[in-house]
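Protein sequence lines, in the order shown, are assigned to chains U and Y.
Quick note: the first sequence, position 84, residue 84 per the numbering used here, numbers continuous.
Quick note: the second sequence, position 120, residue 1120 per the numbering used here, numbers continuous.
If you are wondering where the hints come from, they were derived from the structure by calculation, not from laboratory data.
Don't take every hint at face value.
Below, simulated DSS-like cross-link-like pairs (lysine-lysine); rule was C-alpha separation at most 30 Å, straight line [what the hints assert, rightly or not]:
| id | chain 1 | residue 1 | chain 2 | residue 2 |
| --- | --- | --- | --- | --- |
| 1 | Y | K1070 | Y | K1108 |
| 2 | Y | K1008 | Y | K1158 |
| 3 | U | K51 | U | K118 |
| 4 | Y | K1108 | Y | K1008 |
| 5 | Y | K1179 | U | K51 |
| 6 | Y | K1186 | Y | K1108 |
| 7 | Y | K1158 | U | K118 |
| 8 | Y | K1076 | Y | K1158 |
| 9 | U | K118 | Y | K1076 |
| 10 | Y | K1076 | Y | K1108 |
| 11 | Y | K1070 | Y | K1158 |
| 12 | Y | K1008 | Y | K1076 |
| 13 | Y | K1186 | Y | K1076 |
| 14 | U | K51 | Y | K1070 |
| 15 | Y | K1108 | U | K118 |
| 16 | Y | K1179 | Y | K1158 |
| 17 | Y | K1158 | Y | K1108 |
| 18 | U | K118 | Y | K1008 |
| 19 | Y | K1158 | Y | K1186 |
| 20 | Y | K1186 | U | K118 |
Quantities reported herein were computed from a predicted structural model and do not represent experimental measurements.
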Amino acid sequence: MSYTFQFRDVFAAWEFILQGVAMTLYLSAVTMVLGLAIGVACAAGRLYGPKPLRVLVGVYVESIRNTPLLVQLFIIFFGLPSLGVRFDATTAAVITLAVNLGAYATEIVRAGLEAVPKAQVEAGHSLGLSGLQVFRHIVLFPALRMMYPSLASQFILLMLATSITSQIAVEDLFHVASIIQSRTFRDFEVYTVIGVLYLLLALVFRGGFALLYQLVFARR
Amino acid sequence: MALLEIDKITKRFGTNTVLDDVSLTVDAGEIIAVIGRSGSGKSTMLRCINGLEPIQGGRITVDGMQVNDKATDLRKLRQQVGIVFQSYNLFPHLSVSRNITLAPTLIKGITEAEGREIAREVLQRVGLEEKLDAYPDQLSGGQQQRVAIARSLAMRPKLMLFDEITSALDPELTGEVLKVLEDMAKSGMTMILVTHEMGFARRFGSRLVFMHEGRIREEGPAAATLAEPRTQELETFLGAVLH
């Protein structure tokens, strides 16, 4: 093997790489908030809603969880314009990722809500609280604590999955890598550096989630 | 008018009839001890009284409000009827104080500070004033159950239901919970207790209700009924639990 490693050209593009990191962080953050909101709403709908709503949420969850993310992205970005619905690349990416994460979050949140003992709900009702008050004050917090580890893993998976949006030319970290590669032909160096950056991002997220858990859930 | 009127109620789970033509009238100040085997319908009857279980026939009236009526606001009714469960069911993520103040602050619109005064007062009644800021998992079973009683009392109910509240406790802890019940009995609280504590039933029960296979098989003054059961079923049951 006579290959000489040459990282200089890659590091020379550090500002460009940082822009990619920023876009990846943006996609991840916005999607996590939207996806969690979709997840809580759909989980509540699937558990407490009327039959048609429960079926509808079920169809949503299963069709998203059983098709590739790339296909979903292409339907929204390339498919919908045929129906006259047009998004720019970043918007299409956010929508796709949020809809995708929302489906997984729905199942995680549902499992968490169901794991709160029914006796807790009964105790709340017995004190004269309304259904909404029971959900808000008695069910939600213990449920969130139980679902937190699964939700955190799902969020990190999502952060890694944002790389797929480079396929519709969203300028995320992976897209940046491809461009640097095409200029320098330093495939190994570029993708290793970008891989390490994804790893660091994942570790930062993990640390952040652990800290948040300590702050919010592990009181006393 | 009686505080509680249970009039010929029927309760079924699917095809299984759990309560069959059960009637019971309770006046203010009475202490009713409900005894019977597991599966005889004791707990179900209690749960029907505050609307946790719907009934399929008959009617239940608490303080003039009909439980099984669509027009009745169950939340209003439940403010009059406290229930304490065998498994305590304290809210694990809330402090003792917040467990107690949650319902009064949300429902009666009182401030957290006023709620805390109420919490202090009801905790005093169960002898746990110093646990105001503890969390449920820092308490023993007996202490948790006493907090659960205090939580119910904070809503100032007219009727208290106790569903085998000492069954998960060892004799020593049972003693401290029974002491609280004694004090409540002396203060004139109307109480219905599903219990296996025959000694307590004998001393404080104004009436004894013996349930058997979903029906009230025998009913009468507590001490006399326990001393001289009229039915073979009660005699057999007492023979089994007292030895």
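Structure-inconsistent hints, enumerated in ascending order: Failing hints, ascending: 4, 5 and 20.
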